[in-house]
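Participant: Let the sequences and hints guide you as you build the complete structure.
Just so you know, the protein sequences line up as chains A and B, in that order.
The first sequence begins at 3 in my numbering and counts up one residue at a time.
The second sequence begins at 41 in my numbering and counts up one residue at a time.
Honestly, the hints are just simulated from the structure, not real lab data.
The hints are all genuine.
To be clear about the criterion: a stretch of chain B counts as covered by chain A if any three or more of its residues have a C-beta under 8 Å from a C-beta of chain A, and this derived list gives those stretches:
{"#": "1", "region": "46-60"}
{"#": "2", "region": "71-80"}
Straight-line Cα separation of at most 30 Å, DSSO-like style, residue types lysine-lysine; simulated pairs:
{"#": "3", "chain 1": "A", "residue 1": "K84", "chain 2": "B", "residue 2": "K47"}
{"#": "4", "chain 1": "B", "residue 1": "K50", "chain 2": "A", "residue 2": "K310"}
{"#": "5", "chain 1": "B", "residue 1": "K50", "chain 2": "A", "residue 2": "K384"}
{"#": "6", "chain 1": "B", "residue 1": "K84", "chain 2": "A", "residue 2": "K84"}
Glycine is no exception: its CB is placed at the ideal position from the N, C-alpha and C atoms.
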Amino acid sequence: MAIVINGSGTVTGLAVGGLPDGTVDEGTLATDSVTAAKIPASLENTFVSGRKNLIINGAMQVAQRGTSTALVTNGFTVDRWKNHQSGSTTARFTITQDTDTPSGFSSSLKWDCTTALATLGADDALHSDMRIEGLDIQHLAYGTSDAKSLTVSFWIKSNKVGTYVVWMYLPDGARHSANTYTIDTADTWEKKTLTFAGNTTQVISNDNTSGMYLRFVYGAGSDYTSGTQVTSWANNVNANRYAAQTVNLADSTSNYLNITGVQLEVGSTATEFEHRSYGEELALCQRYYQAFGSNRFYSPSLNGGTGKNIISVPFIQVMRVVPTLSFTDRDGNSSKFSYHSSNVGSTHNGDNAIYTTYFYNGQLFVLPDSYTGYTSWVQTVKLDSEL
Amino acid sequence: MIIENAKYNKDTNDVNCSVKATIDGVEMFVPMDTSNRHYAEILKQVADGTITIAEAD
Chain A
3 MAIVINGSGT VTGLAVGGLP DGTVDEGTLA TDSVTAAKIP ASLENTFVSG RKNLIINGAM
63 QVAQRGTSTA LVTNGFTVDR WKNHQSGSTT ARFTITQDTD TPSGFSSSLK WDCTTALATL
123 GADDALHSDM RIEGLDIQHL AYGTSDAKSL TVSFWIKSNK VGTYVVWMYL PDGARHSANT
183 YTIDTADTWE KKTLTFAGNT TQVISNDNTS GMYLRFVYGA GSDYTSGTQV TSWANNVNAN
243 RYAAQTVNLA DSTSNYLNIT GVQLEVGSTA TEFEHRSYGE ELALCQRYYQ AFGSNRFYSP
303 SLNGGTGKNI ISVPFIQVMR VVPTLSFTDR DGNSSKFSYH SSNVGSTHNG DNAIYTTYFY
363 NGQLFVLPDS YTGYTSWVQT VKLDSEL
Chain B
41 MIIENAKYNK DTNDVNCSVK ATIDGVEMFV PMDTSNRHYA EILKQVADGT ITIAEAD
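Facilitator: Written out as structure tokens, the structure reads:
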């Protein structure tokens, strides 16, 4: 007997075997008749293949530069997250890799206000950015009718309840869009989910420059808030960027904010955070920054002669562009080298100036200035090719 | 980005190859590549008249 249900009719139960094998097939279900919201969380990853999180270091695990920074203008603490105190603000924050996290995470990025500013100046802005290379987001098909929606999900905690802005920007074409969220309860981890429509008009350049910014805003002055909050893709207007932002994280030295578990994925549904291994995440970060700690890189020996020498430093990963270099000698003096005046293993004999540095064929070369001795070396080498 | 003491650095062929500068308090060698964010900022601040780059020794 066939049963047809129309209008408000409902099925209250089916006997075991009531839907025999093959009864529910592609012909039975209309297109899109089962929405993503009806797929059990336990199965969601079954339907996602390959890498889904476009964010590198979304769990804030990797911190090659160190775990704490007193921010003056802009800079990095955990890898890939660029923190800004832009404008002429006198507010100051310490940015740390923190162990306060929601369940299932080990690190978060923390902003802790150390110098307060009750009212931000007109051109002041406080935010953390993730900049994504154009090479990595061509599959979004931006600039075409197939442009894909993106969903960002994250965990956040602060003493400052209120409305915050997440801003997205395409440097190609200077297009922007934004979403808002509220922190509802002070001092409590909350998970937020926001969806951005695909941009059908702006192509993202297929190169190693910034293709997209994802910006978490913590406060802004009137230059960025005096307009109408942008909520869909439009040409950038500074006054419309963060108009809905009500929170000024700088208004008290009691203020703090922690964020972690940031995921940006294709589609309009937030799925479970993609945990990658530490080694994998570190390797991804090293395209943009490499720190060699106290490792020493030696030159060949001059065998007691006098002259310039060459110290070569191979890259761990191919970097995005030719990086900025900083290094020290054994004693921590910037841009100097240390040397021996007898064979390797003998006592360190001193420090001296660098003649030049250059990059060639994927390696860094450091040329010490002329000296008399055997081997020379540099250490604490740092290479920066961030966006 | 606070940039101070910018000065060209020459390679072994006596050609400018990088800019040595103190950036946010750290001495760095910045390659002359416009895709490098530090060099891009140096060029911006030079254009703005905020800094100048001294010739190499």
